[in-house]
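Chains as they are written, first to last, in this note's numbering: chain A, 1 to 302; chain B, 1 to 302.
Read the hints as simulated data drawn from the structure, not as lab findings. Possibly wrong hints are sitting among the right ones.
The list cannot tell twin chains apart, which means a pair is met if one copy fits it or any two copies do.
[As the list claims (entries may be wrong)] Simulated pairs of lysine to any residue, SDA-like, Cα-Cα distance not exceeding 20 Å:
id: 1; residue 1: Lys37; residue 2: Glu141
id: 2; residue 1: Lys37; residue 2: Ser142
id: 3; residue 1: Lys136; residue 2: Tyr166
id: 4; residue 1: Lys135; residue 2: Tyr166
id: 5; residue 1: Lys150; residue 2: Glu44
id: 6; residue 1: Lys135; residue 2: Leu268
id: 7; residue 1: Lys216; residue 2: Gln198
id: 8; residue 1: Lys150; residue 2: Pro280
id: 9; residue 1: Lys135; residue 2: His162
id: 10; residue 1: Lys121; residue 2: Ile284
id: 11; residue 1: Lys136; residue 2: His162
id: 12; residue 1: Lys135; residue 2: Leu197
id: 13; residue 1: Lys216; residue 2: Pro280
id: 14; residue 1: Lys54; residue 2: Gln12
id: 15; residue 1: Lys72; residue 2: Phe145
All of these numbers come straight from a predicted model, not from anything done at the bench.
Number of protein chains: 2
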Amino acid sequence: MANGGREALTPQAARSLVDSVDVFIFDCDGVIWKGDKLIEGVSEALHTLRSLGKKFVFLTNNSRKSRKQYAKKFSKLGMEINEDEIFTSSFAAAMYLKLNNFPTDKKVYVVGEEGIKEELKLVGYESIGGPEDGKKSIQLESSFFFDHDKSVGAVVVGLDQHFNYYKLQYANLCIRENPGCLFIATNRDSTGNLTSLQEWPGAGCMVSAVSCSVQKEPVVVGKPSTFLMDFLLERFRIDVSRMCMVGDRLDTDILFGHNAGCKTLLVLSGVTTLPALLDPSNSIHPDSYANDMSHFVQLLSQ
Amino acid sequence: MANGGREALTPQAARSLVDSVDVFIFDCDGVIWKGDKLIEGVSEALHTLRSLGKKFVFLTNNSRKSRKQYAKKFSKLGMEINEDEIFTSSFAAAMYLKLNNFPTDKKVYVVGEEGIKEELKLVGYESIGGPEDGKKSIQLESSFFFDHDKSVGAVVVGLDQHFNYYKLQYANLCIRENPGCLFIATNRDSTGNLTSLQEWPGAGCMVSAVSCSVQKEPVVVGKPSTFLMDFLLERFRIDVSRMCMVGDRLDTDILFGHNAGCKTLLVLSGVTTLPALLDPSNSIHPDSYANDMSHFVQLLSQ
Numbered sequence: 001m002a003n004g005g006r007e008a009l010t011p012q013a014a015r016s017l018v019d020s021v022d023v024f025i026f027d028c029d030g031v032i033w034k035g036d037k038l039i040e041g042v043s044e045a046l047h048t049l050r051s052l053g054k055k056f057v058f059l060t061n062n063s064r065k066s067r068k069q070y071a072k073k074f075s076k077l078g079m080e081i082n083e084d085e086i087f088t089s090s091f092a093a094a095m096y097l098k099l100n101n102f103p104t105d106k107k108v109y110v111v112g113e114e115g116i117k118e119e120l121k122l123v124g125y126e127s128i129g130g131p132e133d134g135k136k137s138i139q140l141e142s143s144f145f146f147d148h149d150k151s152v153g154a155v156v157v158g159l160d161q162h163f164n165y166y167k168l169q170y171a172n173l174c175i176r177e178n179p180g181c182l183f184i185a186t187n188r189d190s191t192g193n194l195t196s197l198q199e200w201p202g203a204g205c206m207v208s209a210v211s212c213s214v215q216k217e218p219v220v221v222g223k224p225s226t227f228l229m230d231f232l233l234e235r236f237r238i239d240v241s242r243m244c245m246v247g248d249r250l251d252t253d254i255l256f257g258h259n260a261g262c263k264t265l266l267v268l269s270g271v272t273t274l275p276a277l278l279d280p281s282n283s284i285h286p287d288s289y290a291n292d293m294s295h296f297v298q299l300l301s302q
Numbered sequence: 001m002a003n004g005g006r007e008a009l010t011p012q013a014a015r016s017l018v019d020s021v022d023v024f025i026f027d028c029d030g031v032i033w034k035g036d037k038l039i040e041g042v043s044e045a046l047h048t049l050r051s052l053g054k055k056f057v058f059l060t061n062n063s064r065k066s067r068k069q070y071a072k073k074f075s076k077l078g079m080e081i082n083e084d085e086i087f088t089s090s091f092a093a094a095m096y097l098k099l100n101n102f103p104t105d106k107k108v109y110v111v112g113e114e115g116i117k118e119e120l121k122l123v124g125y126e127s128i129g130g131p132e133d134g135k136k137s138i139q140l141e142s143s144f145f146f147d148h149d150k151s152v153g154a155v156v157v158g159l160d161q162h163f164n165y166y167k168l169q170y171a172n173l174c175i176r177e178n179p180g181c182l183f184i185a186t187n188r189d190s191t192g193n194l195t196s197l198q199e200w201p202g203a204g205c206m207v208s209a210v211s212c213s214v215q216k217e218p219v220v221v222g223k224p225s226t227f228l229m230d231f232l233l234e235r236f237r238i239d240v241s242r243m244c245m246v247g248d249r250l251d252t253d254i255l256f257g258h259n260a261g262c263k264t265l266l267v268l269s270g271v272t273t274l275p276a277l278l279d280p281s282n283s284i285h286p287d288s289y290a291n292d293m294s295h296f297v298q299l300l301s302q
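So that you can see chain A by itself, here it is in the shape it has in the complex:
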């Protein structure tokens, strides 16, 4: 793009972008919706792009739901999106284990929500932890010994609204004491638009806590890691240069686009503000940016 991400998209640049792209990869939180509310004009904007023959992928770092649960969410919001158009970081975690031949007689400890457990189950893995450990607590008393399951071979950490010290110590012990135990992060987003009214701490916070206790860095499977890109390339069998990542975050969405080698479009309807984008300290620049999806599509007819 001519403006190198430092100027707003022009009508001409918008048309040129659409002409050069076959597949749009959309982030969800901050692009499609905020919490449980669609962002204004999104439905119509996507309809327009579909009518131009564009294909869609929805690629979210939010691991709270499974792909099936996300398809239901879209449907509830009045958009018919197929389950196999949706790629979540919870799915990525399950796929990572599968592709690395993680043995099915080992268990996975989950610091996260239902979405991760569901995706693990779908590929045949037994998981423990997750929501059921959200109500557990410990008492730091001298005689107390915190036991853990020695058959846990991987710990997956994602966004967890029921994060607590119990889960932190469970993850810590598995990673430190079970030989070869994998440490996988769905993503490291610091915050996210988890409700329509506010930003909330993201999975990165839970990942940082566990990472601090084990003094190790995790394998990240969600954006900006391009782990899922091979699945997308196989699905569409087109050149990555004819794909465009549309997202609201520089350090996940736009960086993913750069890492993957596709085009990038930032929308200002989520986490990133215009001052943050233009701040001299920011080193991640999208090819172009627009206020939101509706604005982007409106430019096409100007």
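Please arrange chain B on chain A, whose structure you already have, making use of the hints.
Showing chain B alone in chain A's frame:
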């Protein structure tokens, strides 16, 4: 020290160390006790050093208790230690606010335990959060708005066995939305001997989680920060070179000693193992090391 921390202390080096030191600064977890159990021989070792005219300071990063509560703990374990010989990171947090003229009409939000709240109260500050927020939870639903107190002017984060997503978001909102709100960490220890049988995630984990969500680094008041050193120097009015920091952690205790300019003795009765000390990747070297306090004092009579 001649051996530069890569060889065990010899009897001669032990005697030379004791001769050159007037004040021993002891870390507690891993040096004096593990959880609620005294480490073997500590009481006798300290008795010997006292009888040689040495003065003591107990300097702990553990913010769970106040100085008064620590004096009680010493007493319960059969050691009479005066409250004003004890310096905790919870005390350091309160002192930091006081020395920076933090206004008493502002509140402090605490991610941590009773010790922090008590020390804040002793210097006249009103705090909210802490243990009472440990049972609170939130539901990430679209219509939910998480409100916070706009009169919070500082967030203090320490070790918190009741850490949860509620506190994480509370701290996040105060730091992001209350103008000028301070972000103070008692310490950043990744783990600690909080019980006698196991290591547990330390305050560093909670600090990392909050730091990730606000995308800011905190002011650290506990070790390895030398913030409390001015208090010690005023208390003893001796040259810092005649003080020796005795600790079990390289990245807090020994680094504190280096930062402060005093002598350093590592004991292997806590977090740091001999292989970790001698590992080529370790760049923090104590002046000398011994197995534990008992071993150190035994060397004096050999």
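Contradicted hints - numbers only: 5, 6, 8, 10, 12, 15
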